[in-house]
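Visitor: Chains as they are written, first to last, in the working numbering: chain L, 1 to 111; chain E, 1 to 114.
One or more hints might be untrue.
Using C-beta positions, here's what the derived DEER-type ranges look like [claimed, not checked]:
#, chain 1, residue 1, chain 2, residue 2, range
1, L, Ala-97, E, Val-12, 29 to 35 Å
2, E, Thr-18, L, Thr-26, 37 to 43 Å
3, E, Val-5, L, Lys-57, 18 to 24 Å
4, E, Lys-41, L, Thr-26, 14 to 20 Å
5, L, Ser-30, E, Lys-68, 30 to 36 Å
6, L, Asp-62, E, Lys-57, 39 to 45 Å
7, E, Asp-66, L, Asp-38, 41 to 47 Å
These stretches of chain E come out as covered by chain L in the derived footprint (C-beta under 8 Å, 3 or more residues) [said to hold, decoys possible]:
#, stretch
8, 37-51
9, 101-114
No wet-lab data here; the hints were simulated from the structure.
Yeah, the Cβ is synthetic: ideal placement off N, Cα and C, and Gly gets one too.
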Amino acid sequence: DAGITQSPRYKITETGRQVTLMCHQTWSHSYMFWYRQDLGHGLRLIYYSAAADITDKGEVPDGYVVSRSKTENFPLTLESATRSQTSVYFCARRGSAGELFFGEGSRLTVL
Amino acid sequence: EDKVVQSPLSLVVHEGDTVTLNCSYEVTNFRSLLWYKQEKKAPTFLFMLTSSGIEKKSGRLSSILDKKELFSILNITATQTGDSAIYLCAVEWAGGTSYGKLTFGQGTILTVHP
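Looking at chain L on its own, in the form it has when it is part of the complex (with noise of 0.2 Å):
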């Protein structure tokens, strides 16, 4: 078990309307990752927090918005949803060794 919740897991939208992707994690753990991964490109970084109220770019942050009121949540948010958005979206959380864990993914369409 991950410790990682994702939802939806599937989302289908339209260009222009705002999407929220949400994560959850049942442990404590500071770090949080949102990756999109497109083919050809692997996992791109979109965002990151250190804790609750820190947050960080990535390579690709532009369009997305994220927020970290409290540790065990890290909502992504789409403000105006571009078809280029359309992608699979992994949240992870740092384990206590260092490595990774993630969330199963939210396939998200924008038509």
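With the hints as your guide, set chain E onto chain L.
Guide: Here is chain E on its own, set in the frame of chain L:
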């Protein structure tokens, strides 16, 4: 620019073959290198390497890091069809404002035929 590059991007072998997957990196303030296996869903953790020359081993899988030449290899011996997956390499940053950040390579798609 900091980057992590994996090779080959894809590999097709037959059961019983031995494969070597490569990961090279150019990352300032290196802290560790991690290997993951991804089948149909989320990546699962394989190894974390922090020191040069010390092999990590788990069954038929092994990995080693060379911090001088900035690369790591993942070996899989006596491959089985269940080894078919995407293998991902990631590098963790050590210092400054990027502390704790992990950057992934593109992944290597391994296909093992019976």
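Visitor: Within 37 to 43 Å or not, the Cβ separation of Thr-18/E and Thr-26/L?
Guide: holds (39 Å)
Visitor: Given the hint of 18 to 24 Å, check if Val-5/E and Lys-57/L actually sit that far apart at their C-beta atoms.
Guide: Given range 18 to 24 Å: holds, Cβ gap about 22 Å.
Visitor: Mind checking the hinted window 29 to 35 Å against the Cβ distance between Ala-97/L and Val-12/E?
Guide: holds (33 Å)
Visitor: Would you say the C-beta atoms of Asp-62/L and Lys-57/E sit inside 39 to 45 Å of each other?
Guide: holds (41 Å)
Visitor: How about the stretch 37-51 of chain E: do at least three of its residues have a C-beta closer than 8 Å to a C-beta of chain L?
Guide: holds (count 6)
Visitor: Taking 8 Å as the C-beta cutoff, is the stated coverage of the stretch 101-114 of chain E by chain L satisfied by three or more residues?
Guide: holds (count 7)
Visitor: Quick one: are Asp-66/E and Asp-38/L within 41 to 47 Å, going by C-beta?
Guide: violated (30 Å)
Visitor: Is 14 to 20 Å respected by the C-beta to C-beta distance linking Lys-41/E and Thr-26/L?
Guide: Holds: the Cβ-Cβ distance is about 18 Å, inside 14 to 20 Å.
Visitor: Starting from the range 30 to 36 Å, see whether the pair Ser-30/L and Lys-68/E falls in it by beta-carbon distance.
Guide: For Ser-30/L and Lys-68/E the Cβ distance comes to about 32 Å; the hint holds.
Hint check: a violation occurs at hint 7 only; the rest are consistent with the structure.
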